[in-house]
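Trainee: This is what each chain is made of:
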Amino acid sequence: MPDDFTPPDTALTRLRESVPLVHCITNYVAMDLAANVLLAAGGSPAMVHAEEEVADFAPIAGALTINTGTLSPPWLRAMEAAADAANGAGVPWVLDPVANFATPYRRDASQRLLQRKPAILRGNASEILALAGQSGAGKGADSGDTVEAAEDAARALARQTGAVVAVTGPVDFVTDDTRAARVAGGSDRMPKVTAMGCSQAGLMGGFAAVVPPLDAAVAALVLFAEAGTQGERASQGPGSFRVAFLDALAGITPEELSNAAHLTWL
Amino acid sequence: MPDDFTPPDTALTRLRESVPLVHCITNYVAMDLAANVLLAAGGSPAMVHAEEEVADFAPIAGALTINTGTLSPPWLRAMEAAADAANGAGVPWVLDPVANFATPYRRDASQRLLQRKPAILRGNASEILALAGQSGAGKGADSGDTVEAAEDAARALARQTGAVVAVTGPVDFVTDDTRAARVAGGSDRMPKVTAMGCSQAGLMGGFAAVVPPLDAAVAALVLFAEAGTQGERASQGPGSFRVAFLDALAGITPEELSNAAHLTWL
Amino acid sequence: MPDDFTPPDTALTRLRESVPLVHCITNYVAMDLAANVLLAAGGSPAMVHAEEEVADFAPIAGALTINTGTLSPPWLRAMEAAADAANGAGVPWVLDPVANFATPYRRDASQRLLQRKPAILRGNASEILALAGQSGAGKGADSGDTVEAAEDAARALARQTGAVVAVTGPVDFVTDDTRAARVAGGSDRMPKVTAMGCSQAGLMGGFAAVVPPLDAAVAALVLFAEAGTQGERASQGPGSFRVAFLDALAGITPEELSNAAHLTWL
Chain A
1 MPDDFTPPDT ALTRLRESVP LVHCITNYVA MDLAANVLLA AGGSPAMVHA EEEVADFAPI
61 AGALTINTGT LSPPWLRAME AAADAANGAG VPWVLDPVAN FATPYRRDAS QRLLQRKPAI
121 LRGNASEILA LAGQSGAGKG ADSGDTVEAA EDAARALARQ TGAVVAVTGP VDFVTDDTRA
181 ARVAGGSDRM PKVTAMGCSQ AGLMGGFAAV VPPLDAAVAA LVLFAEAGTQ GERASQGPGS
241 FRVAFLDALA GITPEELSNA AHLTWL
Chain B
1 MPDDFTPPDT ALTRLRESVP LVHCITNYVA MDLAANVLLA AGGSPAMVHA EEEVADFAPI
61 AGALTINTGT LSPPWLRAME AAADAANGAG VPWVLDPVAN FATPYRRDAS QRLLQRKPAI
121 LRGNASEILA LAGQSGAGKG ADSGDTVEAA EDAARALARQ TGAVVAVTGP VDFVTDDTRA
181 ARVAGGSDRM PKVTAMGCSQ AGLMGGFAAV VPPLDAAVAA LVLFAEAGTQ GERASQGPGS
241 FRVAFLDALA GITPEELSNA AHLTWL
Chain C
1 MPDDFTPPDT ALTRLRESVP LVHCITNYVA MDLAANVLLA AGGSPAMVHA EEEVADFAPI
61 AGALTINTGT LSPPWLRAME AAADAANGAG VPWVLDPVAN FATPYRRDAS QRLLQRKPAI
121 LRGNASEILA LAGQSGAGKG ADSGDTVEAA EDAARALARQ TGAVVAVTGP VDFVTDDTRA
181 ARVAGGSDRM PKVTAMGCSQ AGLMGGFAAV VPPLDAAVAA LVLFAEAGTQ GERASQGPGS
241 FRVAFLDALA GITPEELSNA AHLTWL
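Chains as they are written, first to last, in the UniProt record's numbering: chain A, 1 to 266; chain B, 1 to 266; chain C, 1 to 266.
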């Protein structure tokens, strides 16, 4: 474990003690699950997207998360305004550039947001490769590339942008360029439930309100891995998995997190 | 019990017999749960928000509900047009001014809607205080004030606007200024599930289509209290609570409601 | 069984083998469930609605589905652009004209989309009657007419537009004018869960990516009937039904589908 790293169990304790307000600008598909994930884990989500108020709202939040899933021009303008307001107020923010490889509109929007310097950048392998200017094998909203194939791109993005970069997949990879780790665990049922990744980005925002960005990204990845592992045991398919996953997020204790062996430093 | 009051069990019977169409203009986060709550309890929800059609739709509904959760200018224009059309047709409507204390945009929008005289006004304590022009301790979408602290504001709003005012919390308070009641019950898991309050406003719309406004607000509060109590017993966390809550809404009989001791008149 | 018909069990095998990308433009209420239904059954949904990108996205999908539930002008423009792009690229698309009988705006929008010649048209009886220019007894989003009452209208629409037409209800009816079938099964709990019909249209898109339109519509109806039947047995109300239904969609084998007696050719 690196010096000065806040372990996930301590991060979880801080999240539940402070119940931070998290300003979420996310896609229509993910709003319900993303809010419930944050509530279950211990945060206080608020979905606010109007250009008329995002600059007033982001500064009062503990963190901001921006997800480009169901993008459109008024939402993109609000995302840019919210990121600017967060930066001005010292509020950390998380970028989740959904399917940025799929269309030129989506690629350009992701680059515009990336230039605003998120504290954490989360994506699947195809998304991270596309952000780094490389072509991958993504299809629709799904990655067509392995996490390993995107590790160099993740390190390069971390170096260039100053963001912590998390590449999610069966085994996640996370780096701030100088430090790097892998997080294993979770469930094969996770990709069968929509908006799990988007919700993970929201949870990274919750943790980013209480611990530094790398520690926050790791805490969210580890908590998802443990809740996914517990959720799989308590479920029979993707429907009951989602239910059991939320129950697990709320029920997992810091002790369980510290005993779980999901995290490996590289 | 006041004279001429329709008790919740009778209101529930009427709801299920008439299956009223409820025109809902609600936020993106709540749409799924709000529709499922109304369907489970016995109503027929329809989510319709375009300016091009709300004035055609509201008059054919039994009630209209307006929730400002994920507000934006085109939606606000549609909310105003729908409220006007409902008023013109004698259709009762419910206002749920989400987080009106959080930004100037949201505060102004809530006041514009309140001037259109809803039959029922529902909010948490911080929202009701803010509507009455008082400052509270709300944060994001969550109340930072106790229900008790907002009772005077609720009575004043009821007197000034003619609306039935419901302040929701661990113990709810509801008044039309001349009459007042408290509703206890429910579950600590309710605030851990997103959009429960928004869905309650939708359910008040369902009841407002079949009984007078005070009776409708009380019926929705009592049904939520009972379904929350039953749902807690059948759940292990917030994920399974939401599932069990919907099952309970559909399964609760009028007899169970009349036997439950959630309601106290003041 | 007609010549050259792909039975539902074979269609399901193909769906799971190819995991087709399905471009969904659907309503806010249905997005979560529609995505989860497609994921559980075996497809790869992507919700993309901006005019700025739908024409780039539809051609890379295996199918497109358009649902008019929460309609507004920018969405309608995107629906038309997406349908045109799908047609230009030979991508089959599904139209679900929600509540087209309820307002003039909704009726006109549905006709504009119908003129773009969907491969499959899905609606409840009141919607199909309205599309055929007949007046029914629909209320809000719910059908007020029996499936039988809409069968002639369905045949006429199939003849006039070239679409496969599916009328859904307690027993579904599906026709391409020369062939026709009924699909029985499912659960009385299905109408108590919001967005089940919208999600069925999405699933028809998934199957339309791998088998011809009539075969795709039948496969989706039969898979819904079987998952509904299994879901009812594993549930206690509408909340647990939705969960069990998703589990069933993921767990049903092609063998179970071929043994189930839901389909009757006329």
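These are computed hints drawn from the structure, not numbers from a lab.
None of these values were measured; they are calculated from a predicted model.
Please note that the accuracy of each hint is not assured.
Treat identical chains as interchangeable: a pair holds within one or across any two.
[What the hints assert, rightly or not] Cut-off 25 angstroms, straight-line C-alpha distance, at most; resulting in silico cross-link-like pairs (SDA-like, lysine to any residue):
#1 117 x 261
#2 139 x 88
#3 139 x 51
#4 117 x 133
#5 117 x 2
#6 139 x 5
Trainee: Look at each hint and say if it fits the structure.
Mentor: Now for the hints, and whether the structure bears them out:
In this homomeric assembly, residue 117 and residue 261 never come within 25 angstroms of each other (Cα to Cα): the closest approach is 32 angstroms inside a single copy and 55 angstroms across copies. In this homomeric assembly, residue 139 and residue 88 come within 25 angstroms of each other (Cα to Cα) only across copies, at 20 angstroms, whereas the closest approach inside a single copy is 36 angstroms. Taking CA atoms no more than 25 angstroms apart as the test, residue 139 paired with residue 51 passes between copies only; the shortest distance there is 20 angstroms, against 31 angstroms inside one copy. Within a single copy, residue 117 and residue 133 get their C-alpha atoms as close as 17 angstroms, which meets the 25 angstroms cut-off; across copies the closest is 38 angstroms, which misses it.
Proximity of residue 117 to residue 2 under the C-alpha cut-off of 25 angstroms is restricted to the intra-copy arrangement: shortest distance 24 angstroms within a copy versus 59 angstroms between copies. In the homo-oligomer, the alpha carbons of residue 139 and residue 5 never lie at most 25 angstroms apart, since the shortest distance is 36 angstroms inside one protomer and 29 angstroms across protomers.
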